[in-house]
Amino acid sequence: MPSTSPWGGRDDSEAGVIRSHFLNLVVFSVLVAIFFAFLTQNRTADRLRVIFVLGGAMIVLSLIVAYVMYPFPLQR
Amino acid sequence: MTETAPDLVSAPEGATAAPYPRVSPIVPCLLAWLLPGLGHLYLGRKGRAGAFFLVVLLTFGFGLASGGTASLIDPQQPLSYLATFDNLALGPLDVVARLASVGALVYRLPPDEGDPGRLALMNQLRERVRHPTYEYGNTFLLTAGLMNLLLLLDAFDISMGRKG
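Just so you know, the protein sequences line up as chains A and B, in that order.
Residue numbers for the first sequence follow the numbering used here, so the first one is 1 and each next one is one higher.
Residue numbers for the second sequence follow the numbering used here, so the first one is 1 and each next one is one higher.
Since the hints were made in silico from the structure, they are not lab data.
Please note that the accuracy of each hint is not assured.
As the list claims (entries may be wrong) - Ranges of calculated distance between the beta carbons of each label pair, as one might list FRET restraints:
hint, chain 1, residue 1, chain 2, residue 2, range
1, B, F85, A, T40, 22 to 28 Å
2, A, P73, B, L30, 49 to 55 Å
3, A, P71, B, G50, 32 to 38 Å
4, A, V26, B, S80, 39 to 45 Å
5, A, A57, B, V27, 33 to 39 Å
None of the values given here were measured: they were computed from a predicted structure.
All C-beta atoms, glycine included, are put in the ideal place defined by N, C-alpha and C.
Starting from the given sequences, assemble the full structure and let the hints guide the process.
Structure (C-alpha cells):
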C-alpha cells in the first residue's frame, strides 16, 4: 500500500524491527527499569540496583505468567 | 506516599522545603512536555535530563519502528480517549507519530460509520494492524507517552520544592 504520509511514511522493509518476543520483552523491561531508576533514585548504586531488580522482575515474572498460560489453547 | 518518605522525595543536602515555589512550575512543565528531559535540564538536573531524553526517545523510536500507530478518538471505544490523551503527552513527538503512522494530523475518527473519511482511516488502520509487531509498537508508543507524563509531574514536584 503506498504511503500517504507527507514524509513518505515507512515502507514494509521492517529494518530495525525486533521480531523476537523475548527480545522485545527484554528491551521494554530495561527501558522501563532505567526510567524508574533515574526517576526515583539519586545515587548511581541505587539506580543500578533498581535497574537489576525491576528489570529482572519484569522479565522473570513475564516468563512465569507465560509459562502458566502455556496449557491454555490458542483457539477454542 | 508522604513527603517524609526519604527515598523518593528526599531533598538535596542543605536544601530546605520552600514555602513558595522557587521557580514557576509552568515553564519546566511546558518544557518537559515539549521535549522529554528538557524540563529537568531547565531545573539543573542535567544527568537525569539526558537519561530521560534517551530513554523516552528510544521507547518512542522502537514504537514507531515496530509499526505502532498513534491512537484516534473513537466515540464507540471509550478507552480510545485515554490512549489519545496518552499520545498527546508526548508533545511534538505525537505530531511525528501521527504523520508517520496515519499520514496526517488526525485525532478523531468521524463518528458516522458511513463517512468516507472514517472508512478511509479504518482501512488504513487495518493495514497497519497486519504489521507483525504492531502490538509491540503500540505498547512502546503508549509507554513513551506515560513516561513523559510522569516526567512532567516530576518537573512540577521539583519546581515546587517537593523533591530534590
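Now for the hints, and whether the structure bears them out:
| no. | hint | verdict |
| --- | --- | --- |
| 1 | B/F85 to A/T40: 22 to 28 Å | holds, 24 Å |
| 2 | A/P73 to B/L30: 49 to 55 Å | holds, 51 Å |
| 3 | A/P71 to B/G50: 32 to 38 Å | violated, 45 Å |
| 4 | A/V26 to B/S80: 39 to 45 Å | violated, 29 Å |
| 5 | A/A57 to B/V27: 33 to 39 Å | holds, 36 Å |
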